[in-house]
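**Student:** So for the sequence shown, this note's numbering puts the first residue at -17; every next one is plus one.
There could be a bad hint or two in this list.
[What the hints assert, rightly or not] Ranges between beta-carbon positions, derived for each pair:
| id | residue 1 | residue 2 | range |
| --- | --- | --- | --- |
| 1 | TRP250 | CYS326 | 21 to 31 Å |
| 2 | GLN287 | ILE107 | 52 to 62 Å |
| 3 | THR324 | GLY255 | 25 to 35 Å |
| 4 | TYR9 | VAL298 | 22 to 32 Å |
| 5 | SER376 | VAL8 | 53 to 63 Å |
Calculated from the structure, these hints are not laboratory results.
Glycine included, every Cβ here is placed at the ideal spot set by N, Cα and C.
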Amino acid sequence: MNDAPSPTESSAKTRKIPLLLKLYAVYCLVTAGVILVLMGLILVPLVRYGVDLFRESHDVTLAMSLTVVEVVNLLVGAVGYVAFGVLTLRDRRRHVAQIAYGLVAVNVVGILLEIMVHGFGPNLIYAGVRLVILLVIATTIDPTLVSERRLQRRLRDMETEEEAEAGTLGRAKGDRGFIELDFFNLFWVFVVCSVLGLIIEVVFHMVVVDPGHYQDRAGLLFGPFSPIYGCGAVLMTVALNRFYKASPVVIFLVAAVIGGLFEAAVSWFMQVGFGAVAWDYSGATIFGLFPDPVAELMGGRTSTQFMCMWGALGLVWIRLCLPWLLRLINLIPWKARYSFTTVCAALMLVNAVMTMQALECWYQRESGMQPTLPIEQFYARNFDDAYMANRFQSMTITPENSARVPNS
-17 MNDAPSPTES SAKTRKIPLL LKLYAVYCLV TAGVILVLMG LILVPLVRYG VDLFRESHDV
43 TLAMSLTVVE VVNLLVGAVG YVAFGVLTLR DRRRHVAQIA YGLVAVNVVG ILLEIMVHGF
103 GPNLIYAGVR LVILLVIATT IDPTLVSERR LQRRLRDMET EEEAEAGTLG RAKGDRGFIE
163 LDFFNLFWVF VVCSVLGLII EVVFHMVVVD PGHYQDRAGL LFGPFSPIYG CGAVLMTVAL
223 NRFYKASPVV IFLVAAVIGG LFEAAVSWFM QVGFGAVAWD YSGATIFGLF PDPVAELMGG
283 RTSTQFMCMW GALGLVWIRL CLPWLLRLIN LIPWKARYSF TTVCAALMLV NAVMTMQALE
343 CWYQRESGMQ PTLPIEQFYA RNFDDAYMAN RFQSMTITPE NSARVPNS
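Let the hints inform the model, and build the full structure from the sequences given.
**Tutor:** Okay, structure coming up:
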């Protein structure tokens, strides 16, 4: 079989890039070079005095965080445009297309940051034009790359169809465990367990903690999701996938350790970052006989009881629920599974980002800071203190408990 490229493919790869695009490449090189020089000049004093400025600051606000992200995004974009310019001048069509796709993502992030910091206005025109130019370049400069990707998608669809007909869709191949650890499967593990975990926690609270009293235990701004359970399930699935036939004791212990440590880590992050406390097991005991050593060791961030619950949930999940989950997610038509999952993942990412920003703005308002940025005003208007307190009913925010406010 002859694997040599066809004359059409060879000519497409070696054809000279038009002069107009090369002029644009020179413009990109010059502007990116200027940005890198300016950032270098700023970086020198920042490295020398930045630590002292940070120590003197009473808080790390959303504005400061977004500015840092903007600077990092600008730096990545400048480096990308340098590579784009050099490769364009050298007529490397394929590499130019790949760099252009990456710069599209960088520009989308830049536009979102611009909206958050400066709002909608003429400031978006230049970024919008640049994004359109990059999209045109990425999709037209190397037709063979587009053809290869279409062929790869067709081959993937054929393989998926064969697995669906054989009833093995989503199963790991060979001895790699029970479930294939790809993005599709792990994303739906996260979603399903976020919902199931929320249901379990609400029922537990109504039956055991405060009988007959409903409390919303959701962990995201929108939807019936408790992401701590979703993330815990993903960690357990990854860690125990190869050992789903192992001893129940082993599965229980590993799940208990993973769940307990993850719960403690999330509790620490929320308190240090936002002064937020959603659970506290300080003072827990073992059957009322003596203090819980795990709760004391972890500062009340997890406990023996809840580590055992994590272990039991992990055992049930690995042994009983994974096969059921696989059958459930395979109900998604195989022709739409990747596009549908991509859309859902994008929505979940937006939900998570908005949740973190809403918590940050809530923290700032509790700290006495008035909203100034457009993004801060948006959250103050649509997700005010009353809304946040009602949405996250088990959470309290005390800025003095965070690491961002110096102790007096």
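**Student:** With reference to the structure, classify each hint as holding or not holding.
**Tutor:** Now for the hints, and whether the structure bears them out:
Between TRP250 and CYS326 the C-beta distance comes to about 30 Å, which sits within the given range of 21 to 31 Å. A hinted range of 52 to 62 Å for the beta carbons of GLN287 and ILE107 is consistent with their spacing of about 58 Å. Here the CB-CB span from THR324 to GLY255 is close to 29 Å, well matched to the stated 25 to 35 Å. A hinted range of 22 to 32 Å is violated for the C-beta pair TYR9 and VAL298, which are about 60 Å apart.
For the pair SER376 and VAL8, the supplied restraint of 53 to 63 Å holds, since their beta-carbon distance comes to about 57 Å.
Of the numbered hints listed earlier, the single one contradicted by the structure is hint 4.
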